[in-house]
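Note that the protein sequences, when read in sequence, are chains L and A.
Last residue of the first sequence: 1158 in the numbering used here, with the numbers rising by one and none dropped.
Last residue of the second sequence: 196 in the numbering used here, with the numbers rising by one and none dropped.
No lab work stands behind these hints: they were computed from the structure.
Hints are all accurate, no fakes.
Below 25 angstroms or equal to it, Euclidean Cα-Cα: the simulated DMTMM-like pairs (lysine to aspartate or glutamate) are:
(1) L:1104 with L:1146
(2) A:188 with A:89
(3) L:1058 with A:125
(4) A:188 with L:1146
(5) A:188 with L:1091
(6) A:160 with L:1146
(7) A:141 with L:1146
(8) A:165 with L:1146
(9) L:1058 with L:1115
(10) L:1104 with A:89
The primary structure of each chain is shown beneath.
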Amino acid sequence: GAGVSQSPSNKVTEKGKDVELRCDPISGHTALYWYRQRLGQGLEFLIYFQGNSAPDKSGLPSDRFSAERTGESVSTLTIQRTQQEDSAVYLCASSPLAEAFFGQGTRLTVV
Amino acid sequence: GQNIDQPTEMTATEGAIVQINCTYQTSGFNGLFWYQQHAGEAPTFLSYNVLDGLEEKGRFSSFLSRSKGYSYLLLKELQMKDSASYLCAGGYSGGGADGLTFGKGTHLIIQP
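If we strip away everything but chain L, and leave its shape as in the complex, we get:
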């Protein structure tokens, strides 16, 4: 596609359930980022993939959060046993070298 695609665009889940968020980066982009943005707040770094290197997971807030990326393509962010504090917009961005291109995000609401 022309841009970074994220799905679903909105997700409402019950507390304690697991959720999986998907990001399709722009083809050829070696770098992929996940960020979390709570309402009215800045971007909170979660995880960074760069090519075949080991991902930088330093931003993941707890062991309930994990992410995978297959080669230089699709990435999934999984949140296990969701909590209300996980409610936020989860943004994915991909980059060929420097500039990052963002998807429209997944708005997660935990009820």
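Once you have looked at the hints, place chain A on chain L.
This is chain A only, laid out in the frame that chain L set:
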């Protein structure tokens, strides 16, 4: 991570000029990005500075001083549609933190 600091909120008047400052850690630094984010939307790219100096792009200009770890975004002839959050981001490699690190953003309010 790398500390990216910028003011939380600024207010300016339509038609005026506003400067949004950003400071960053210089270790491993490659370049400085500015993004614009309207409420409820994804960030969009505004500028990228690698070398010292001022880069002008229409009403928006971005400045970088690598030695001082300092950048600013200058917005001229402000319009109501410029009301948004402006995110400063540093690109880093090595030094324990790679990739793009964002500041918390500056919420710019434009008043008539």
